[in-house]
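Asks: Sequence:
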Amino acid sequence: MRRSVISGLSAALVLTSAGVGGALLAPAASAAPAAPAVTTGVADGTYVSLKPSRMLDTRGSNLGRPLNAGEVYNLKVNGRGGVPSTGVSAVVLNMTVTAPTRDGNIVVYPKGTTVPNASSLNFVAKDTRANLVTVPVSSDGWVSIRNATGQTHVIADVQGYYVGSTTTKPAGAVDYFPDDPWRALDTRTQQDGPALAANDYLIQSVNYGSETPTISALAVNVTAVNPQWTGFLNAWNGDENAIPNTSNVNFASRKTTSNMVIVPVTHSMASDGTTPLINFGIGNASPGTVDVIVDVVGLYATGDGLRFRSVGAPKRIVDTRTSLGTTTLSAGTTRTVTAPSSVTNSSTVALVTNATAVSPTAATYLTIWQTGVTRSAASNLNPAAGQTVANMAMVGLSDINQFDIYNNAGRTNVIVDVAGRMDLSPNLAPGAAPSVSTRTAPKAMGSRVAPLR
1 MRRSVISGLS AALVLTSAGV GGALLAPAAS AAPAAPAVTT GVADGTYVSL
51 KPSRMLDTRG SNLGRPLNAG EVYNLKVNGR GGVPSTGVSA VVLNMTVTAP
101 TRDGNIVVYP KGTTVPNASS LNFVAKDTRA NLVTVPVSSD GWVSIRNATG
151 QTHVIADVQG YYVGSTTTKP AGAVDYFPDD PWRALDTRTQ QDGPALAAND
201 YLIQSVNYGS ETPTISALAV NVTAVNPQWT GFLNAWNGDE NAIPNTSNVN
251 FASRKTTSNM VIVPVTHSMA SDGTTPLINF GIGNASPGTV DVIVDVVGLY
301 ATGDGLRFRS VGAPKRIVDT RTSLGTTTLS AGTTRTVTAP SSVTNSSTVA
351 LVTNATAVSP TAATYLTIWQ TGVTRSAASN LNPAAGQTVA NMAMVGLSDI
401 NQFDIYNNAG RTNVIVDVAG RMDLSPNLAP GAAPSVSTRT APKAMGSRVA
451 PLR
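Going by this note's numbering, the sequence shown opens with residue 1, and the numbers climb by one from there.
Read the hints as simulated data drawn from the structure, not as lab findings. Keep in mind that a hint or two might mislead.
Said to hold, decoys possible - Computed spacing ranges between beta-carbons, pair by pair:
#1 K169 with G273: 55 to 65 Å
#2 G60 with G112: 23 to 33 Å
#3 G172 with S342: 28 to 38 Å
#4 G332 with A429: 21 to 31 Å
Unchecked claim - Below are the DSS-like pairs computed for lysine-lysine, each with C-alpha atoms no more than 25 Å apart in a straight line:
#5 K76 with K51
#6 K169 with K51
#7 K169 with K126
#8 K76 with K169
#9 K315 with K76
#10 K315 with K51
Using N, Cα and C, we set each Cβ at its ideal position, and we do this for glycine too.
Make a model of the complete structure from these sequences and hints.
Replies: Spelled out as structure tokens, the structure:
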């Protein structure tokens, strides 16, 4: 039996382990979730979580060959994988490249628009790497994928979509609620360990008090720490009879790797029969052990929170190589960035970004967060020396649209591309904040072990 109890002011957690490949890390974070009040709202900008589904794999029948340098692949997303044929503002895709012949990047953007000066996923030759991407769709439901250099295979798994402005609210459409980052799982610790064994998975359960039944997905940063072998982690809603054949965090042996996931949840009751729980699963699809960290940064739930608003094709607001937004970060440095009006308005509370660490001189971690609040122990990027690594980040903004970037070690350049913004629900007055419930005390929960199927 394995037990998991998060101490502090917040959520109860239960860990189930069952059978399914570095850099420095931030120190362990405390657990401190908060949940939204339940209200109603219109559809525009709400999120619908989906069971992960593969929309593209160039190794198979989609194309049967890798993308060439400068090649653009147009991908139909509307009407597939649970995405409706109309009424879609943007889709959330987990993009993966495998077997690239050169160092490079891909960019995903709305079909029919100019190729943006941005990147969605950076990689090195022979790498297999993933990154979560939020991308607006064209009016007829397509996105474009461009490979910059060399040849590479590309995989796209849909995770969910944001509702457009002309639709009625579909079933399951919910708002986004940012949360103070808190650590829901760290298998390096005595309470959550040991590491996930080869082809194992775990089920993690969280209690957000009376608001737990309103939650449909969690925004989490998942980190594979010091894996023994090459492989991947997958994240899903914890249904042990429906583990998807998709990946979320692809890693190489001994390489610590992170990726953001908007993971759907299932609902259950604790053994006391009264405590509501939400559940998600993390699987280790590799022949060796791997430690896993899961940091929660937000949740999707019913009520008046934040709504997604497109900014069109991705917009670059930080590139320290050219002093755009700020300058190169040295060890222990924090820089403050002011988000421009091209990606904000008076209702903007957070930005949906793709953050990239470019060739740090030492293994490090970077954290991006709202200016004026205490930096959390959670990290957004965990590059090794010389790596160029990207990760999606939901970045909170201060009242004057500022956010901070912290670099732990060495010197590194940083790029931030904005994919969209999170504005207050139209049901909330300007300057309001999404409601949160009283935090609940943790409870100890049981667990069990079984092999991956």
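Asks: A separate judgement is required for each hint: does it hold in the structure or not?
Replies: Status of the hints after comparison with the structure:
| no. | hint | verdict |
| --- | --- | --- |
| 1 | K169 with G273: 55 to 65 Å | violated (32 Å) |
| 2 | G60 with G112: 23 to 33 Å | holds (26 Å) |
| 3 | G172 with S342: 28 to 38 Å | holds (32 Å) |
| 4 | G332 with A429: 21 to 31 Å | violated (40 Å) |
| 5 | K76 with K51 | holds (18 Å) |
| 6 | K169 with K51 | holds (19 Å) |
| 7 | K169 with K126 | violated (43 Å) |
| 8 | K76 with K169 | holds (23 Å) |
| 9 | K315 with K76 | holds (22 Å) |
| 10 | K315 with K51 | violated (29 Å) |
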